[in-house]
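Colleague: With chain Y's structure known, arrange chain B on it following the hints.
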Amino acid sequence: MKVFSNDCTFNYSWEEVSTGNWVKYCPWNDQSTHVIAVDTLSRQVDPKTGILRTERLITCKQSAPQWLNSLMGSSDVSLVFETSYVDLASKKVTMTSSNMTWSNLLSVHETVVYQPLSERQTRFSQEAKITALCGGWQKVKNAVEEATVCRFSENARKGKEGFESVLEMSRRVFSEERQKEQNQRKMVAA
Amino acid sequence: MSSSLAPECNEVKERYDSCFLKWYSEKYLRGKGQKDECAALFNDYKHCLTVSFPTLTSRIISDDPKGALKERGIDKMLEEAREDHKDSDAVHMRRTCKFIAEQN
Chain Y
13 MKVFSNDCTF NYSWEEVSTG NWVKYCPWND QSTHVIAVDT LSRQVDPKTG ILRTERLITC
73 KQSAPQWLNS LMGSSDVSLV FETSYVDLAS KKVTMTSSNM TWSNLLSVHE TVVYQPLSER
133 QTRFSQEAKI TALCGGWQKV KNAVEEATVC RFSENARKGK EGFESVLEMS RRVFSEERQK
193 EQNQRKMVAA
Chain B
1325 MSSSLAPECN EVKERYDSCF LKWYSEKYLR GKGQKDECAA LFNDYKHCLT VSFPTLTSRI
1385 ISDDPKGALK ERGIDKMLEE AREDHKDSDA VHMRRTCKFI AEQN
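Chains as they are written, first to last, in our numbering: chain Y, 13 to 202; chain B, 1325 to 1428.
Since the hints were derived computationally from the structure, they do not count as laboratory data.
Values in this document were obtained by computation on a predicted structure and should not be read as measured data.
Take the hints with a grain of salt, since some may be wrong.
Each computed DSS-like pair below joins lysine-lysine, with the alpha-carbon atoms no more than 27 Å apart [as the list claims (entries may be wrong)]: (1) B:K1410 with Y:K14; (2) Y:K198 with B:K1356; (3) Y:K104 with B:K1400; (4) B:K1356 with Y:K192; (5) Y:K103 with B:K1410; (6) B:K1346 with B:K1359; (7) Y:K73 with B:K1370; (8) B:K1359 with Y:K103; (9) B:K1410 with Y:K104; (10) B:K1410 with Y:K36; (11) B:K1356 with B:K1370; (12) Y:K141 with Y:K153; (13) B:K1351 with Y:K104; (14) Y:K141 with B:K1351; (15) B:K1356 with Y:K103; (16) Y:K104 with B:K1356; (17) B:K1400 with Y:K73; (18) B:K1346 with Y:K36; (19) Y:K192 with Y:K14; (20) Y:K104 with Y:K141; (21) Y:K36 with B:K1351; (22) Y:K36 with B:K1370; (23) Y:K14 with Y:K151; (24) Y:K198 with B:K1351; (25) B:K1346 with Y:K198; (26) Y:K14 with Y:K172; (27) Y:K192 with B:K1351; (28) B:K1370 with Y:K60; (29) Y:K103 with B:K1351; (30) Y:K60 with B:K1410.
Residues on chain Y that point at chain B, a partial pick, calculated with CB under 7 Å [said to hold, decoys possible]: (31) T31; (32) W34; (33) C38; (34) W40; (35) V50; (36) V57; (37) F93; (38) T95; (39) Y97; (40) T106.
Quick reminder that beta carbons are idealized off the backbone N, C-alpha and C, glycines included.
So that you can see chain Y by itself, here it is in the shape it has in the complex (with noise of 0.2 Å):
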């Protein structure tokens, strides 16, 4: 097992990046081109605790080394599924998630958090653990670690800056959507 951890803060506030993550994948990010379609199966708020539990499935096209492919002989399509939970009471939002393609060769588990740091600032504290499941030797295994984790990485990278274009964005068009309610409001009022 390998296991790739990264951290990074984002400076802009919890409900602005818990916000931005829905839209992660928009168009805005031009970085994370690998995720060609989220989709939500299921989210409810639980009644107790008011935590928004979400199930997501979400479809990658990365094409693998050439060598993995013909070890798997799959395809570049693969499929996430996401189980997120906002808890609104302790600010913090979980994501884990695992793959469901290629899972016969390979188990990835990815827990994501994001936490405030300050009323500015966003920590984002991600972690994958990545099982080479084939039989065979050891050698194979760590290879086929390796490039996953070395892929982990790259998006990792891609997925930062893809994501602050998106927080950019969506901060730019809230303030002007509040600004367009409070001049109706102004109009309605004079």
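Modeller: Frame of chain Y, contents of chain B only:
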């Protein structure tokens, strides 16, 4: 907004996503999220996905004849993934263990 895996559901998805985002930022984050205001739109979207899944499965299978989808289908794979995520529910939903709840 992101696309749907089923292109035919993009329109209903877009409507639902916009509704949800508005509800999330204006109601839920302000502690007023008890009422699900987007339920009707979500049902439309979910219905579209359910109808499209069999076609989707065959579309992915034709790209990937040796893949897991052919043997198991998307519903079965989702079921397995859900089962796999049950442990994280216990951790992140702040659930009390059944035996402790019974003692109290």
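Colleague: Hint by hint, which ones does the structure fall short of?
Modeller: Violated: hints 3, 14, 19 and 34.
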